[in-house]
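Participant: Letter by letter, the chains look like this.
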Amino acid sequence: MFPDLAGRRRRRMTARLVVAAFFAGLALVVGLWLTGGGLRGFAGVGGPATEIGRLSGLVASYLLLIQVLLMARIPWLERIWGHDVLARQHRLVGFLSFDLMLVHIVAITLGYAAAANSGVLHEIWLLVTVYPGMLLATAGTAALVAVVVTSIRASRRRMRYESWHLIHLYAYLGVALALPHQLWTGGDFTASPVATVFWWGLWAATAAAVLLWRVVTPLVRSARHRIKVLAVVPEARGVVSIVMSGNRLDKLGLQAGQFCQWRFLGRPGWTRAHPFTVSAVPTRDRLRITIRATGDGTRSLTALKPGTTVVVEGPYGVMNADRREHRDVLLIAAGVGVTTMRGLAEAIIAEPPSNGPGGYRRPSVVLLHRIHSQPDTLFAAEFGHLAGVGDLRVHALPGRRSASSAWWGGSRRIDPGTELRRLAPDLDDREVYLCGPAAWMTQVQHTLREQGVPKTAVHAEEFSW
Amino acid sequence: MKRIALAAFSTMAALVVLFLYPTSTGHSGTTAAAPVSAARVVTSTQPSTGTATSTGQGPDPATTTGSAPTGSAAASPTAAAPAAASTTVDGAAEMTRYGLVQVEVVITGGKITEVTALQYPNTDGRDVQINSRAIPKLRAQVIAAQSAKIDGVSGATFTSDGYVTSLQSALDAAGFKQ
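Residue numbers (our numbering), protein chains in the order written: chain A, 980 to 1444; chain B, -8 to 169.
The following block holds chain A by itself, in its conformation from the complex:
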């Protein structure tokens, strides 16, 4: 419930602890390198290469597990940073660990070859076929190469999401296949009780986190809440609402503005998870999402049969109403992004009065909906009802895309910043929520920045992963 000051404090503290733990682990790993040779090992034939190989291998191994943890859907991480930020960090850490792994491979090969006075190719052969666990590590490397190559933006854009995701799952295999050689050929993780406890501990924690929060939790939630499709309701051209029933949905912790990964079973495409935000505040036994049929995946959802079992992963996202500093809000959405705002508006309207600019009163909500034309308005009746119940003003921004109006739309030459101030004069006292295509949101954020709205007051979530 807004204002959630205690929650914010708790999250800030936990964030600091998590970051500190990360750096402590990193320091420990570098310490293992130092105590197992480190700078001393630079002397000797092949010494520098071997030691660089050891350090890069150690850090790469550590980061390999960290990036798995980032995507393990650990609730505390999700609540603090939100899915967007975690996915971005996962990507960065992933590429970094991969680069270090490449350095490790090259450096060790050169170092060992020099120490044994053998040729590089011969050394590669020996490494892959003779040393314990190395054939597995080679297979693991191949898996990770496939994952990384397909995750570069250029290749990812060319692939279907399902194909990309299937290949990406091989990252688990790659990480697992690297473990045996870490224990049998590289002695650092077994050199001391501290090292052994740390390494096995981190490994076990990562495996447990993935199993618990990616596999077990959704299954348990499904069984406990028994979410089923109740009805599919057409809302507008190409847009339908999927209403779902369930038990004790208040225990899901799903708030307006948050999303889940939804799987609809018993039909082709049941393995695919769809990220959708709820389009209404969940009640104890009703959930609603509203989707636009854009591809085969979403098109098939418009034909869902009532009674279909739903498996849900989540809730994810930090776009919920609690996480704001200002009492009053400005919601800006484009197209079907307004479904998120429908939920947020309902939640915020219902909040009790609180202190803020203009005195002690209920929150004020201003909603701007960018659409192409009139038939694209959504939830007109529902917004009308909400406007009667609380302080909600809805403005449509119709019109074609045009360079003269940037994100505002329409063929007239206007300055979005001026128009924005006209509709929301108290912009400086409002928390802003955005939902729409990434390029459009970037334009909106530019205008907001120009108008002096701080970044911390703007919440945007994109679904383009």
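Hints listed in this document are in silico derivations from the structure and should not be mistaken for laboratory results.
It is possible that part of the hints are untrue.
Cross-link-like lysine-lysine pairs, in silico, DSS-like; alpha carbons within 27 angstroms at most [as the list claims (entries may be wrong)]:
no.: 1; chain 1: B; residue 1: 140; chain 2: B; residue 2: 128
no.: 2; chain 1: A; residue 1: 1207; chain 2: A; residue 2: 1230
no.: 3; chain 1: B; residue 1: 168; chain 2: B; residue 2: 128
no.: 4; chain 1: B; residue 1: -7; chain 2: A; residue 2: 1207
no.: 5; chain 1: B; residue 1: -7; chain 2: A; residue 2: 1284
no.: 6; chain 1: B; residue 1: 140; chain 2: B; residue 2: 102
Anything over 12 angstroms on all C-beta distances counts as not near chain B; from chain A, calculated [unchecked claim]:
no.: 7; residue: 980
no.: 8; residue: 981
no.: 9; residue: 985
no.: 10; residue: 988
no.: 11; residue: 1023
no.: 12; residue: 1060
no.: 13; residue: 1082
no.: 14; residue: 1084
no.: 15; residue: 1167
no.: 16; residue: 1250
no.: 17; residue: 1264
no.: 18; residue: 1339
A quick note: this is a predicted structure, and the numbers were derived from the prediction, not measured.
No residue lacks a Cβ here, since even glycine has one placed at the ideal position from N, Cα and C.
Could you slot chain B onto chain A? The hints should help.
Facilitator: Positioned in the frame of chain A, the structure of chain B alone reads:
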């Protein structure tokens, strides 16, 4: 779904094949060592009728004297405390890619009581660093396992290999039953 099933099946098949390879279960690949000299028995003492020192073991049933006291209490100089048969064998010197490894094993009363590394790579700083840690561990593993079937030391693949091969040749030469 078909694609997922196909991927899962072929992945499992590939994993099975991978794990059939010896290095995937902790062993090292091809034998990392080649013998340079043969194993030979160095000394072999027969069970004696009495010495002042007792090894702390119980009376060896193989001794010819029958008046062995039970337990290993300090024996009087003239007591008939038996000494068990003791054999010292040098294993074959094995050439690994980093240098020669050769061990000497002492078998007393049917048990491996001592293993000494006569030769191991120790010229390079890195060799010293690895082997100074590995050799004592290998010795401990052998004495605990009472055979040459040990895990070896991580990070000292070739030393471990040479050590085990040399030890095995010594044990074979001594007719040691594992």
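Participant: Of all the hints numbered above, which does this structure not satisfy? Sort the numbers upward.
Facilitator: 11, 15 and 16
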